[in-house]
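**Student:** Assemble the whole structure, with the sequences as input and the hints as a guide.
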Amino acid sequence: MFNADELKKLFLSDLNNVESENQLSEFWKKFLSKQGAVQGLMANIKNVAKEEKKSYGQFVNDVKNWAQKLYEEKKAEIEKAALNARYDLETVDVTMPVDIQTPGNLHPLTTVKYEMINVFAGMGFEIFEGPEIEDDDHNFTRLNVLKDHPSRDMQDTFWLTEDLLLRTHTSPGQIRVMDAEKPPIKVLVPGKVFRSDSDATHSPMFSQMEGLVVDKHITLCDLQGMLDEFVKNMFSDAAKTRLRPSYFPFTEPSVEVDVSCFKCGGKGCSLCKGTGWIEVLGGGVVNNKVLENCGIDSTKYSGLAFGIGIERITMLKYGINHMGKMFENDIEFLKQFKA
Amino acid sequence: MKVLLSWLKDYVDIDVPLKTLEEKLFSTGFEVEGTDYLGEGIERIFVGEVTSIEKYEGTHLYICHVNCGKEGEDHLILTGADNVFKGAKVPAALVGAKLPGGFEISPRKMKDMVSYGMLCSGGELGLDPEWYPTAGVDGIMILDENAPVGEDIKTYLGLEDYVLDISVTANRPDCQSMLGIAREVAAFLGKELKMPDLSYTEDGTTDERIHVDVIDKDICPRYLGHYIYDINQVETPLWMKRRLIAVGHNAISIIVDITNYVLAEIGQPMHAFDLSTVAGRSIIVKRAADGEEIVTLDEKTRKLTRNNLLICDTEKGIALAGVMGGLNSEIKDDTKEVLFESAKFVKDNVRKTARGLGIQSDASARYEKGIDEYSVETGMARALNLVQTLGAAKVSSSHFDVTAGASREEREITVSAEQVNYVLGIEIPEEEMIRILKSLSFGVTCNDGTMTIKVPRFREDIETYQDIAEEVIREYGYDKVVPTFLSESFVTNGGLNAAQTKELEVKKYLCTLGYYEIQTIAMTDKTEFDKFLLSENDSRRTVIELLNPITENLGIMRTMMSPSMLRAIETNIKNGNDDVRFFELANVYIPKSLPLTEQPYEIKTLCLGSAGAKENFFTMKETLESFAADNDLTFSYQRGNEPYFHPGRCADVFCNGEKIGTFGQLRYEMIDKMEIAEGKKASTKIFLAEFNYDLLKKQFKTEIVYKPDSGFAKNSRDLSVAVNKNIACGDIIDAIRSADTLVSAVKVFDIFESEKIGLDKKSIAFNITFSSDEYNITDEKAENVMEKVLSVLTEKFDAKRR
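Listed in order, the protein sequences are those of chains H and V. Just so you know, we're using the working numbering here: the first sequence kicks off at 1 and counts up by one. Just so you know, we're using the working numbering here: the second sequence kicks off at 1 and counts up by one.
Wrong hints could be hidden among the right ones.
[Stated by the list, open to error] Partner residues are not named here, just some residues of chain H that face chain V (Cβ under 10 angstroms, in silico): (1) Glu73; (2) Gly124; (3) Pro184; (4) Asp197; (5) Thr201.
[To be verified] One-sided and incomplete, this derived list gives chain H residues near chain V with beta-carbon spacing under 8 angstroms: (6) Asn105; (7) Asp135; (8) Asp215; (9) Cys221.
[As the list claims (entries may be wrong)] Cβ-Cβ distance ranges computed for the label pairs, FRET-style: (10) H/Leu271 x V/Lys86: 55 to 65 angstroms; (11) V/Asn307 x H/Ala200: 31 to 41 angstroms; (12) V/Glu208 x H/Lys147: 39 to 49 angstroms; (13) V/Gly102 x H/Glu162: 51 to 61 angstroms; (14) H/Glu162 x V/Ala728: 48 to 58 angstroms; (15) H/Leu70 x V/Ser626: 52 to 62 angstroms; (16) V/Gly204 x H/Glu162: 25 to 35 angstroms.
Hints are computed from structural coordinates only; laboratory data are not their basis. This one's a predicted model, so the numbers in the text were calculated from it and none came from an experiment. For every residue, glycine included, the Cβ atom is placed at its ideal position computed from N, Cα and C.
**Tutor:** Written out as structure tokens, the structure is:
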């Protein structure tokens, strides 16, 4: 049995030798457990005078607290060391490469389609998708493409029967929307269209986006205002549009819309063939005959319409020079369009 | 439309630079797609006079001294040509000269002498043989003795001129001519239009035997004929030859050249029949009989149908109306009498005949764009004027005019300035509109805010105030349009609807799983069905066929997506990219009945495809399960039997009891037939899935329903059973699920086979969760349900608990 001073001395020297969790638990058993030496001091109380018993108890308690505190400190130290050792052991080479399932991405035509939709959605356009197999009435007649118009020719249109065909443009969507809804109408019709054509800039299948607005007093000025906003969002803040006369049976006046070259800013370069302008879409004021064909009173309402080639915009935006690339689906091509 | 600048200047004074002219044409709707300078590549070549010539002994050469006036009076030039003589005027290319094709002239040593230039042939100057009388001769192009010495050869030969290639929109057939373009130029330059001379005098003679009759006036609404005789086949004047050559015609003979000249100038196709070959001296315009034949000018026999309009005499066809003359009535060197034709044939009919028979002629190209009756009259008058002024024939008084009765008055429309401005959105003063319309040959009278507009007969495209608005803004300038933003319009709420948003999310989710979106052509090939081993009566062979496909392999509308997907995968493997994950969302086209009488079903179909060392049947299934989990759906699977899939690795996919798709591994014998390296075939495995997206999307949740925690305790048990090897795991899971309503989840955590349990057996371990919204699942309750589960499994699958 130790006296307190001897005990404290031994406690300190033993504590000093503790280096592992095992030693720490041995140490605890030796000194701090119920059978431990510190508790053992209490056994001496029977040798203490009655009037000193209380102060002796206090004394042992102080020793206990002193020992407990030193033990806790040691314990924290040991645990920290163990943790540090584990961290050292588990240290990895953060530059090691890993194997992942590389994400795919959307087809560039889809990406551009939704970019375009976003721009017009912000202007209040809804999206309508019509059938790809259309009839003569929707694809031609009610769009004021009369029976002897060249675009009906076998050379351009894929026919399925005398009446049914693969739609040659998204414009029949205009008719379907106007049949179903009354003004105000603001709608986009994106989709696949088909023409009997195949070369560097043509594919028998391609995609268009039709836009139609019908409301009170829609004018040519509104068409340009709207398309200015579109090209600013699609190409650059500095982009401007230029209108020039064109011809479509379903609009009058009809315009071809050029955008100021976003590569050279209009100074003239290879992209714009030195003109400073790039042709991007066609449009115009909706021909009253088309409104009347859909039961809309052209003395009360007017409209504007435009049609954008999604491939054309995509090719311009990314500098793709061959239409065929779009439908070849070479992964080396596709993976470049991660957004 | 090719326009020769100097020719255009016959009708309008052009006092602006060429560039300005091009810009003005462009801004009024006539894009100049190209401008060719006739003297392109010719520099420092002058009219020279050979002052002396002697043979260079010991060579084939001649030593010439050439006087080029102000460009130097004595140039020593050697030439090998034999047709040069003293005093001859010749094109002399001096040192520093350039010839078309980029050839440059420098001093050149020839034997012991140096030649300081070159005398040129017509060919070396890049000339058409008819451009100059001696342009086609073998040797140096000897010039007229009056050619001014020292003059630039380009000036002398009329090469300081430009050909503009102008694109004309389909609504403006009246501008398919020099005169039509001149009208537009005169309007925007504010100049007067000088009409070509249309005057001629008939000499009073008639030939009563000649008859002209039109049977089918619906496709020939106007037919003019005029008899000319005593044909004198004079040489076509040089100016006319050059103009024809410059705009793409050949110079042939005076009568033919005049018809081509009128086509280019007025825009009216003309035809000349050698009347001596016309039986009965009668012209009858009528539809051909089915099977009737005619030999056209190009010496080809054409088999006709009722849809072809034929010009006939009393015995036979002599021309395909508006397309090409017949060989039998062709103008020959000894032709003495001619009937001129100037007619309107309906454009649709000409186009169909030309396309149907595969003939493209200058006349058909013009007719296809549309001819007005004013042009029919003007063309004939101009042809007669030229015949007379050039002394090519006598103009008789025998002429014919057969008409369907269309009015020859100018149409009147009434339009207000307010209507025009309403369309345009800007305020253009009425006086300005009137000025513009008058400049474009419209007659305008004003009365109390409305304009009464007389539409010129050649403007068949003008009908309404919208058309007038376009005419006004074309001239007023599109640059004066002020961009506005629907200032008076309702605000509408735009954007994708729920289904459209979902579709984009579906695509994006598949991307995150490693799939690239592809896009393939919707048309395909019937032979794909054989490649995909579909049985003869497979419903997917019921297809919509195109009447006029580009090629046979784009001949039908697809009824399944997998063939296009497989082609995309094949392309990539061929390119060395063996690891691919692709998807496509597009339509297949299913006819409601055949022959097609109504629009077919267009079924949106989701197709997945994968290939590569890391892919197998279950990686594809992982994709489907992830997709289902992402959409909070439960898919179940049954063995499928698609003919193109591995019979042991093919599954049908169900959602809420409805079959929504199929997936599996492509058959090895199909891989064998693919166009990929032989060495790769053994190791290539391809996995495809095809889903009916229209059915799938009905399963998508339309709203999120939150369910508060019931607060009742769940419980779970593990169950390990041995069953026969061929029992499908999914069937056992389904049986456990439906054994009791308290079963809320079933997971498989171990499967193994061993001799211990028997070689025909497998052991499967399940973790089964029980829950209820109404009470706690006590251990006792759990055990009760387990009893039930086990008895179901024993009964259904002869399962033994392990």
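**Student:** Hint by hint, say whether it matches the structure.
**Tutor:** Comparing the hints with the structure gives:
Nearest Cβ of chain V to the Cβ of H/Glu73: about 44 angstroms, over the 10 angstroms cut. The hint is violated. Interface hint status for H/Gly124: upheld, as the beta-carbon distance to the closest one in chain V is roughly 4 angstroms, under 10 angstroms. Interface hint at H/Pro184: satisfied, since its Cβ lies 4 angstroms from the closest Cβ of chain V, which is below the 10 angstroms cut-off. Residue-level restraint check for H/Asp197 holds (minimum Cβ-Cβ distance to chain V is 8 angstroms; threshold 10 angstroms).
A hinted interface residue such as H/Thr201 counts as satisfied when its beta carbon comes closer than 10 angstroms to some beta carbon of chain V; here the least separation is about 15 angstroms, so the hint is violated. For H/Asn105, the interface hint holds, since its Cβ comes within 8 angstroms of a Cβ in chain V; the closest pair sits about 5 angstroms apart. Using the Cβ-Cβ criterion of 8 angstroms, the hint placing H/Asp135 at the interface with chain V is satisfied: the shortest such distance is roughly 7 angstroms. Below 8 angstroms, beta-carbon pairs count as interface contacts, and H/Asp215 has one with chain V at about 4 angstroms; its hint therefore holds.
Taking 8 angstroms as the C-beta contact cut-off toward chain V, the hint placing H/Cys221 at the interface holds, the least distance being around 3 angstroms. Distance hint for H/Leu271 and V/Lys86: a CB-CB separation of about 58 angstroms, consistent with the stated range 55 to 65 angstroms. Distance hint for V/Asn307 and H/Ala200: a CB-CB separation of about 35 angstroms, consistent with the stated range 31 to 41 angstroms. At about 41 angstroms, the beta-carbon gap between V/Glu208 and H/Lys147 stays in the expected band of 39 to 49 angstroms.
As the Cβ distance of V/Gly102 to H/Glu162 is approximately 55 angstroms, the hint placing it in 51 to 61 angstroms holds. In this structure the supplied range 48 to 58 angstroms holds for H/Glu162 paired with V/Ala728, their Cβ-Cβ distance being about 52 angstroms. For H/Leu70 paired with V/Ser626, a C-beta distance near 56 angstroms keeps the hint of 52 to 62 angstroms intact. Under the hint 25 to 35 angstroms, the C-beta atoms of V/Gly204 and H/Glu162, about 54 angstroms apart, miss the expected range.
Hint compliance for this structure: hints 1, 5 and 16 are not met, and every other hint is.
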